[in-house]
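S.K.: Same order as they appear, the protein sequences are chains A and B. Heads up: the first sequence runs through residues 670 to 890, numbered per the numbering used here. Heads up: the second sequence runs through residues 18 to 169, numbered per the numbering used here.
By construction, these hints were calculated from the structure, which means they are not laboratory data. Check before you lean on any hint, since a few could be wrong.
In silico EDC-like pairs for lysine to aspartate or glutamate, Cα to Cα no more than 16 Å straight-line [said to hold, decoys possible]:
| no. | chain 1 | residue 1 | chain 2 | residue 2 |
| --- | --- | --- | --- | --- |
| 1 | A | Lys795 | B | Glu50 |
| 2 | A | Lys837 | A | Asp850 |
| 3 | B | Lys146 | B | Glu162 |
| 4 | A | Lys795 | B | Asp51 |
| 5 | A | Lys794 | B | Glu50 |
| 6 | A | Lys837 | A | Glu757 |
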Amino acid sequence: MDYSPFLTTFKLAILTTSLLLLVAIPISYFLAFSKWKGKIILESLLMMPMILPPTVLGFYYISFLGPESAVGSFFEKTFGISFAFSFEGILLGSMIYCMPFMINPIINGFRSIPKNIIESTYLLKKSRMNALWYVLLPNIKRSIWSAILLTFAHTIGEFGIVLMIGGKVQGTNVASIAIYDQMNNLNYDVANTYAIILLLISFVMILVLKILTRKNQSELA
Amino acid sequence: MVPAGKRKMGFVFQDYNLFPNMTIERNLTYASEDGKIASNILQLLETLQLKSLLSSYPSQLSGGQRQRIAIIRALCQQPELLLLDEPFSALDDDSIRELITEINYIQQNLQMMIIVVSHRKDVIFEMAKEVVHMKGTETVQGTTENTLSRSL
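Model the full structure from these sequences, guided by the hints.
M.R.: So this is what it looks like as structure tokens:
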């Protein structure tokens with residue numbers, strides 16, 4: 670049996686999660702603490718993928734970054750990077766698509782830190798960067814783990830966005846799409862094995878997430 | 018105005034602001050400028066019998082213990098003046114007695130000016146040499162006996 674779709678799935682999930690984490694911490698910090706009035710618009714925009722059909726996102730993604738688009742053809746000609754029908758493409762697409770699942774728990778974590786704790790870091794003459802690293806992030810460790818797990822699990826379950834952006838070429842064929850293909854080809858045995866593996870992985874991840882969030886309630890008590 | 022961080026002042030507020038993710042020792046070293054607890058602070062921890070708490074986390078301490086550690090953490094910054102804002106409000110009577118003794122000890126030992134904000138007259142009587150009595154917009158300032166005996 671060909672297990673390469675799982676390799677692609679895990680590669681995509683690991684890269685999406687780790688790159689998104691790096692992007693999400695500054696964004697979440699800004700959205701949690703900034704007093705800028707327009708931030709509600711930015712937050713809403715970043716949360717859109719939660720309710721938007723993946724096809725809508727995929728359609729606009731291809732329109733703006735696909736090979737026919739100005740931006741897409743510029744990158745292809747100048748740097749040889751293709752943002753559609755490539756692994757880089759589904760990586761960028763799934764980062765956009767998973768943004769809400771990563772930033773939501775982190776924003777809530779930041780907002781749950783008592784104000785006097787944050788003010789104490791200023792009174793101790795600590796810079797914001799220092800406070801973020803030594804006080805804020807360690808205090809929301811569980812929220813960060815929830816965000817990581819949720820994003821990872823969500824990336825494994827992606828279907829529509831990967832199909833639209835990746836187009837089922839070599840290197841973008843993930844496990845969820847492989848199941849669909851195997852079913853279409855009437856290979857029910859293979860589809861069944863793939864499905865069971867995904868089912869088990871998803872169950873374990875949600876279970877761990879539940880255990881984490883249950884403890885989370887007493888985190889700062 | 019001098020920004021809060023630049024003032025040579027230590028602050029302690031009514032709710033203990035110890036960092037929950039750090040042990041007591043880490044709370045103190047984090048507050049110390051060179052990352053080490055100064056010898057006069059170590060001495061103080063010894064005298065006040067708080068040294069055994071160093072490896073604990075704030076959540077494992079009682080209210081009185083947390084407030085004492087919060088005061089010591091403020092001292093780690095080697096301030097010239099210490100401001101305690103309602104340090105007794107969350108404590109029971111026994112803890113208050115103990116804390117008064119200790120603050121008096123710190124004051125004499127480190128020869129430091131300490132400003133305490135409190136709405137409890139009995140506590141002020143026991144601690145202060147000088148009082149600013151505030152009621153509404155009126156204030157009276159003077160020695161403890163003179164000020165508190167005059168009614169506003």
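S.K.: If you test the structure against every hint from before, which numbers come out violated?
M.R.: As far as the earlier hints go, not one is violated by this structure.
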